[in-house]
Amino acid sequence: MTATAAAPEVDSAGEPGTAALQVEDLRFRWPGASTDILDVPELHVACGETLFVRGPSGCGKSTLLSLLAGVLVAGQGRVAALGQSWSAQSSARRDRFRADHLGYIFQQFNLLPYLSVLDNVRLPCRFSARRAARAGAGSAESLLARAGLPEPLWRRAAGELSIGQQQRVAAARALIGGPEVVIADEPTSALDEDLREAFMDLLLGECAQTGSALVFVSHDARLAARFARQVDLPAINRARA
Amino acid sequence: MKALFTLAVRSAWNRRFALALVVASIALSTLLLVGIERIRQDVRENFSQAVSGTDLVVGARTGPVQLLLYAVFRIGNATNTMRWTSAQALAQHRAVAWMVPIALGDSHRGFAVMGTSPDYFAHFRHGQREPLRLAQGRAFEGLYEAVIGSQVAQRLGYRTGQRIVLSHGDGAFAANDHADKPFTIVGVLSPTGTPVDRTLHIDLRSLQAIHLDWVAGAPLPGQSLTADEAAQRDLTPRTLTAVLLGLKNRAAVFSVQREVANFRDEPLLAILPGVALDELWDVVALGERGLLAMSALVAVVSLAGLVAVIVAGLNERRRELAILRAVGAGPRQVLALLALEGGMVTLLGVLLGLAIGALALAMLGGWAQARYGIAFGLGPPSAAEWQWLGAVLGGGWMASLLPGWRAYRLSLADGLSPRI
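Taken in order, these protein sequences are the chains called B and X. According to the working numbering, the first sequence is numbered sequentially starting from 1. According to the working numbering, the second sequence is numbered sequentially starting from 1.
Take these hints with a grain of salt, some might be off.
Using 25 Å as the maximum straight-line C-alpha spacing, the simulated SDA-like pairs for lysine to any residue come out as follows [as the list claims (entries may be wrong)]:
1. X:2 with B:96
2. X:2 with B:196
3. X:2 with B:34
4. X:2 with B:234
5. X:2 with B:157
6. X:2 with B:113
In short, the hints are calculated from the structure, not lab data.
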C-alpha cells in the first residue's frame, strides 16, 4: 500500500509560492466538435499578478475562462487554481471552491436585475461563508463608495443602472471578500473611453489592494500596457496553429 | 438553502405576472377538486340525514330510487298513487308499529305541500334519530291548518297565525289556486337540514277537502263547495303517494318487504331507505367520478401550464443562471432553485384555492341551504380532500422538476457563456 498524498485542504490554498492559476498541457474540445478549440501547453499566473490576455473573438477566450474558473473541466491536461486541480475535485467541491476564492466579471449583464445593487454585490457572500467572513460588515458599502456609486443608488434595483454603473457594481461583486483570483471577460467592451479608464482604475486598484491575481481578457490592445504581463492567446494556443 | 430560498422568491417576484396566472390556474383546479369532493361528501351526508328510524317506505310499484326520491326528498313526481285502504291494511299488519301516510302533489309558492296525519310529528325521525320539534305554535289538529318547515317560514317570512293559499300541482297556473279554502299556519318547525324544512304539512283530510270539488286536476264547473260545506262531507282520503312504516322488530323488515311486494289488491313496492340510498349513490357515483376526472384533468392542465411558463422563461434566464454559477452556485443548486420556485407557485395556488373555497362556502353556504337544502360545513379538509391537496402539491413539485432539469442541463452546457 502506497500512502497517496491527501488533497491539500482548501484553506491552505493561496500560500506564498503557489500559483494563482496554472495550466499545463491543456486540451479541450466541445462535445460533438471534431477539433480541439484549446491546446495550451503552459500558462502561469502568480499570486497577485495582473495578466492581460489578448485575443480576437472566437479564439476560445470564454472557453479558457470557464476552464480557469472550474465551470468547465479539461478533458486532458491540468488546470489548477491556488494549487488545486479542478479535475481532482468533485463538482460540488469545485462550486464551493469557486465561491470561496474566485471573482468573475462578465462582458455585460452581470447583475441579477431583481436584486438591489447592494444585494448584487453581496451575492458571493450568500454562497460562501468564507467570503462573507472575510468581507465583514460594511465592505459592500465601502466597495460601492470607492467604485463611485452614489449612495442613493445602492438600494435601487440593479436593472435601473446604466451599463457603466452596472460594470462597476460587477467589479465590486467580484472583489468582495478579497478573492485570490479575479477573472474578467471583456468587461470594458460596452463602455466608452472615459468609463473604461475609470473602470480599469477601480479594478486594478482594488486588486492591488487585496493582492488578488487578475486575469483580464480583451481584444482591446490599448489596455494592455496597464498590466504586469501580456499574453497573446492565439500565440499560446496551438489548437489552430 | 436560505440563500437559495430568498433568491427564488425575489426571482419569482420579478416574473410575478406570468407566475400569478399559473397560481390562479392552480388555485382554480384546487378549488374544483376540493370543491367537488366537499360537495359530494356534504350532499351524501345531507341525504343520509333526511330519514332515519323509518324501516320501510311503501308506494305504488315503481323503481326503488324513484320512490325514495319523491317520497322522501320531494324530487320528481309519483307516477302512480296507492289506495288509502292498502295503507290501512299495512297499518294493521302484526309486525307494523306505526304507519305515517304521505300525499304529495300540491305546492305553495314553490314549496311542496304534504298531506299526512298527526302521527308524522310523533314518528318521523331525521339525522341521528332526532324527532321533529316545533319552533313556534303546535301541530295541526283541525281542517285548513298548516305546519311549515323552517325554510318556508324564513324565505316567505311566515309566522303562526298567517293565512295562506295553496296551489294545485306545481302552481304553474294561477287559476288553479285553492283560493277558496285558505289555510292558517299553526306551527313552524325547527330547522332539520332535511327536505322537511322546505315542506308545508297539512292533514290528509284538509287535502281531501280542497280537492272535493275537483276532478282530474281541474275544478268542476258549477260545483264549487265553500270551505265550511267541504268540512261537512266525508273527508276520508282515497289515495296516497306513499307511507312510512315503523316495525315492532327490525328483524322482520325483509319479510314485510316481501309481503308488500305480494300485496293482492294493487301492485306495491316497499324499500329500505338505506338500501335505496346506496342504489342512488351507485347511480350518482358515475357522474361524480366523471366530475372528479374532469377536475383532475383541469389540475393536470394547470400543472402543464406551470411547466410551460417556467420552461418558456428559462431561455431569458440563462444569463441569470450563468451569474449564479459564477458566484458559486452548482448545477444542483440551479435545479433546486427551479424546484423551489415550482413548489412555491404550487403551494400558493393550493392555498389560494382553499381560501377561495372557504370564502365561497361562507358566502354561498346560506344560499345553498335555502335553495337546495344542503348544508355545507366550513370545517378543515377531510381525508379525501387532503389526498387531492397532496396530489396537486406533489404533482406541481414533480412538474417543476422538468424545467429544473432543463435548467440543470443548460447551466452545465452553458457554463459561464450562455449562447443566447
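Taking the hints in turn, this is what the structure says about them:
no. : hint           : in the structure
1   : X:2 with B:96  : 16 Å, holds
2   : X:2 with B:196 : 37 Å, violated
3   : X:2 with B:34  : 43 Å, violated
4   : X:2 with B:234 : 44 Å, violated
5   : X:2 with B:157 : 21 Å, holds
6   : X:2 with B:113 : 20 Å, holds
Checked against the numbered hints given earlier, this structure breaks hints 2, 3 and 4; the rest are met.
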